[in-house]
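Novice: The letter at position 53 of the sequence shown is residue 53 when you use the numbering used here, and the numbering goes up by one with no holes.
One or more hints might be untrue.
Simulated pairs of lysine to aspartate or glutamate, EDC-like, Cα-Cα distance not exceeding 20 Å [said to hold, decoys possible]: (1) Lys63 to Asp50; (2) Lys11 to Glu23; (3) Lys65 to Glu76; (4) Lys11 to Glu83; (5) Lys63 to Glu47.
The hints are simulated quantities; they were obtained by calculation from the structure and are not laboratory data.
Just so we're clear, the structure is a prediction, and the values are computed from it rather than from any experiment.
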Amino acid sequence: MADQLNRAIVKGTSQGIEAGAVEYAQQGIRINSVSAGFINTPLNTPEIPDFSKSLALMGRLGKVKEIVDAVFYLIETQFTTGEILHVDGTTFAGK
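With these hints in hand, go ahead and build the complete structure from the sequences.
Specialist: See below:
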């Protein structure tokens, strides 16, 4: 049941981003999102990295800089809107 709720939230979020992008594009407003996977931060407990690595097919945690780079990419690309950029080491694609 929790997996169904998760899927509904993901679908609702993605549809909201796409709908907002269509609605506001003529006003020059861009709506994008970064979908981050498990990121290595000082807040992680010792158990998190092992569990998280098993979910990402790349076999590692993401780096904060990789998320920052993705955000800057979406800021700088003026012709991109309605995009969900997955920076997750294939966690999303692997499902």
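Novice: Take a quick look at whether Lys11 and Glu83 sit within 20 Å of each other, Cα to Cα.
Specialist: holds, 13 Å
Novice: So if I understand the rule, the pair passes when the alpha-carbon distance is 20 Å or less; does Lys65 with Glu76 pass?
Specialist: holds, 16 Å
Novice: For the pair we were handed, Lys63 and Glu47, check the Cα-Cα distance against 20 Å.
Specialist: Holds. Lys63 to Glu47 sits at ~17 Å (cutoff 20 Å).
Novice: With the threshold set at 20 Å, check whether the alpha-carbon distance from Lys63 to Asp50 stays at or below it.
Specialist: holds, 15 Å
Novice: Is the Cα-Cα distance between Lys11 and Glu23 20 Å or less?
Specialist: Roughly 18 Å separates the two Cα atoms, so the pair holds.
In this structure, none of the earlier numbered hints is contradicted; all agree with it.
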